[in-house]
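J.: Please model the entire structure based on the sequences and the hints provided.
The listed protein sequences correspond, in order, to chains G and C. The first sequence lines up with residues 1 to 361 when you count with this note's numbering. The second sequence lines up with residues 1 to 361 when you count with this note's numbering.
Derived from the structure by calculation, the hints contain no laboratory data. Note that the structure is predicted; figures quoted are calculated from it, not measured. Among the hints, a few may not be true.
[As the list claims (entries may be wrong)] Lysine-lysine pairs mimicking DSS-like chemistry, simulated, CA-CA at most 27 Å apart:
id: 1; chain 1: G; residue 1: K298; chain 2: G; residue 2: K206
id: 2; chain 1: G; residue 1: K96; chain 2: C; residue 2: K328
id: 3; chain 1: C; residue 1: K96; chain 2: G; residue 2: K328
[To be verified] From the structure, some residues in chain C lie toward chain G, with a derived Cβ separation under 8 Å:
id: 4; residue: R92
id: 5; residue: K142
id: 6; residue: F157
id: 7; residue: R161
We treat Cβ as the ideally placed atom computed from N, Cα and C, and that holds for glycine.
2 protein chains.
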Amino acid sequence: MQTLRVELGERAYAIHIGERLLSRAELILPQLDLPRVAIVTNTTVAALYLEPLAGALGIRGVDVISIVLEDGERYKDWTTLNRIYDALLERRCDRKTTLIALGGGVVGDLAGFAAATFMRGIPFIQVPTTLLAQVDSSIGGKTGINHPLGKNMIGAFYQPRLVLADTAVLDTLPPRELSAGMAEVIKHGLIRDGAFFAWLEQNMEKLLACDRDALAHAVHRCCEIKAAVVAEDERETGVRALLNFGHTFGHAIESGLGYGNWLHGEAVAAGMVMAADLSRRTGLIAEADVERIIALLKRARLPTAPPDIAPERLLELMRVDKKAERGKLHFVLLDAIGAASVRADVPAAPLQQALAFSAAA
Amino acid sequence: MQTLRVELGERAYAIHIGERLLSRAELILPQLDLPRVAIVTNTTVAALYLEPLAGALGIRGVDVISIVLEDGERYKDWTTLNRIYDALLERRCDRKTTLIALGGGVVGDLAGFAAATFMRGIPFIQVPTTLLAQVDSSIGGKTGINHPLGKNMIGAFYQPRLVLADTAVLDTLPPRELSAGMAEVIKHGLIRDGAFFAWLEQNMEKLLACDRDALAHAVHRCCEIKAAVVAEDERETGVRALLNFGHTFGHAIESGLGYGNWLHGEAVAAGMVMAADLSRRTGLIAEADVERIIALLKRARLPTAPPDIAPERLLELMRVDKKAERGKLHFVLLDAIGAASVRADVPAAPLQQALAFSAAA
Numbered sequence: 001m002q003t004l005r006v007e008l009g010e011r012a013y014a015i016h017i018g019e020r021l022l023s024r025a026e027l028i029l030p031q032l033d034l035p036r037v038a039i040v041t042n043t044t045v046a047a048l049y050l051e052p053l054a055g056a057l058g059i060r061g062v063d064v065i066s067i068v069l070e071d072g073e074r075y076k077d078w079t080t081l082n083r084i085y086d087a088l089l090e091r092r093c094d095r096k097t098t099l100i101a102l103g104g105g106v107v108g109d110l111a112g113f114a115a116a117t118f119m120r121g122i123p124f125i126q127v128p129t130t131l132l133a134q135v136d137s138s139i140g141g142k143t144g145i146n147h148p149l150g151k152n153m154i155g156a157f158y159q160p161r162l163v164l165a166d167t168a169v170l171d172t173l174p175p176r177e178l179s180a181g182m183a184e185v186i187k188h189g190l191i192r193d194g195a196f197f198a199w200l201e202q203n204m205e206k207l208l209a210c211d212r213d214a215l216a217h218a219v220h221r222c223c224e225i226k227a228a229v230v231a232e233d234e235r236e237t238g239v240r241a242l243l244n245f246g247h248t249f250g251h252a253i254e255s256g257l258g259y260g261n262w263l264h265g266e267a268v269a270a271g272m273v274m275a276a277d278l279s280r281r282t283g284l285i286a287e288a289d290v291e292r293i294i295a296l297l298k299r300a301r302l303p304t305a306p307p308d309i310a311p312e313r314l315l316e317l318m319r320v321d322k323k324a325e326r327g328k329l330h331f332v333l334l335d336a337i338g339a340a341s342v343r344a345d346v347p348a349a350p351l352q353q354a355l356a357f358s359a360a361a
Numbered sequence: 001m002q003t004l005r006v007e008l009g010e011r012a013y014a015i016h017i018g019e020r021l022l023s024r025a026e027l028i029l030p031q032l033d034l035p036r037v038a039i040v041t042n043t044t045v046a047a048l049y050l051e052p053l054a055g056a057l058g059i060r061g062v063d064v065i066s067i068v069l070e071d072g073e074r075y076k077d078w079t080t081l082n083r084i085y086d087a088l089l090e091r092r093c094d095r096k097t098t099l100i101a102l103g104g105g106v107v108g109d110l111a112g113f114a115a116a117t118f119m120r121g122i123p124f125i126q127v128p129t130t131l132l133a134q135v136d137s138s139i140g141g142k143t144g145i146n147h148p149l150g151k152n153m154i155g156a157f158y159q160p161r162l163v164l165a166d167t168a169v170l171d172t173l174p175p176r177e178l179s180a181g182m183a184e185v186i187k188h189g190l191i192r193d194g195a196f197f198a199w200l201e202q203n204m205e206k207l208l209a210c211d212r213d214a215l216a217h218a219v220h221r222c223c224e225i226k227a228a229v230v231a232e233d234e235r236e237t238g239v240r241a242l243l244n245f246g247h248t249f250g251h252a253i254e255s256g257l258g259y260g261n262w263l264h265g266e267a268v269a270a271g272m273v274m275a276a277d278l279s280r281r282t283g284l285i286a287e288a289d290v291e292r293i294i295a296l297l298k299r300a301r302l303p304t305a306p307p308d309i310a311p312e313r314l315l316e317l318m319r320v321d322k323k324a325e326r327g328k329l330h331f332v333l334l335d336a337i338g339a340a341s342v343r344a345d346v347p348a349a350p351l352q353q354a355l356a357f358s359a360a361a
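T.: This is the structure:
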């Protein structure tokens, strides 16, 4: 097991990474105010991993209730959030009940927002079970739900007390989900670590075959990068925005298709190609860089072009994104493979070209 | 104008108290990131005070949108909260739009929670227009909505950047609302300042007649007490709980009657009598103290006994209160007029007696 810390002062917490951590209740117990937890998960994950986690806690005398949601991004909404509140209240959970998110990004975002807002905030622990959640969404305290007019529009910054990334659970992850998580893995290399990107080029097949050592290295490196960025800028007033590379386009794709048709990571993959293409058109990187990016995404079995959505529609969707200011778009662009920056001054022409080019791809 | 500060480090803010502050846009402008605001108010307040506030900001070049809600505690729910989100998104508000709550406690709690959660948090200003909001709910960052199973069950701690308490607006407050606010004024004296309680005994008629100097003094002293308590314990892990004096009983009354039948302050008044009676039954204060409290509340035209709800039902409702732990009730009891403490060890017998006595009153 390896342990990293997210250095956030009084809100600092540990990320444990390793195999079979799920049933190691001794890692969780010190974080509980009182021995009672509510585990929020979904039907798919519950069938595989609810018992190992709940059982290990139960044996140690922890009172465990479980709240099992439907599986899918389309359930990341008010209705499902209210199901969590209802269950917590019906089961008489109080301010000292710790909420544990057991699942992928959707479960983590929903459960985290429920923890942030139930009785104005209760203790929260992340147990991410997808690659995407382990390398990205479980770290940093972004929680929230979607609104019909935009993704993650309602939410809060709310840090967990602990992140427990059990890499053994990735064995049961469907290949499509593994690939989707790989989009965020590649993103971490692209924005912050060119050497890690090169390592991914050398190890992509191992990763997709769930090679334990390779996966552990990738998860660890991504967590290191994300923890450092979050510690520097918890509320995204600066450097943290770089983590949104590919996400302005990606969110527009998800929103345009209706949540849940493409996986988040798939939309981000196509979005990263669009952002890389835009970086090239504004003279920041070379055509060869874009080709390297596309090649790696393809090897990770990810889409490298957006679905059939008109460029004007994508643009409109991007303008309601949280990251827009008064409809003015900000883009995270690449200065090189391994370095990114936020640009508020992208001219209309290359943006139109990038959108039209992508649409034609 | 008098100014107090709530000392919360990087989240510190000013409370301005005085007449005709509503139209003094120069107090608000320095707090805005960009010159655009969304004013959340209700139909009653909008008719009286939306134009003075919005007009003063508009003249200074601020882009103002307004969101006018129905008036009443029964609207402090998901549906109304979603109306705020919808309006913010439809009008393309972004992270730099400042949300201003113009109204009483319901508007402040709803708008504050919307500000806390829209795009994970946008700037927020409180312009309280009721006595209750000026002396209590606008200060300290408690925001939230009700759930069918309990009051304020969903919410967040989210501090405003500024509180603007315009005492001139109290002139138009219906007498019943003025009295309801007086319950919280009396509470501040009871828990923290015996001399202020005695001052209230001397000045209650002036206050009810909206004597400007008397009201300004009462608002200022309550804000001082609340600001000090909040600065000491922002998230209610200790001393802040004393502000809940009368509220465990009060919330049960509100919940039992259905939100909005009794005003919050009315329920708190009856709740304070019950808590005082319980303090007497556990030997903390004298019968004469309880009589002084009842007498002052009566002069403030407030109820001093709960409505017709069975004691068992009240007890059941108290057990789902946020302040309960595992169904175990904590009570804020009086040690004297001007001093209170939290008690987790109240025996069943005096509690039953207090509930039965009140029911018979």
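J.: Any hints from earlier that this structure breaks? Give me their numbers in increasing order, please.
T.: Hint check: 7 fails alone, others pass.
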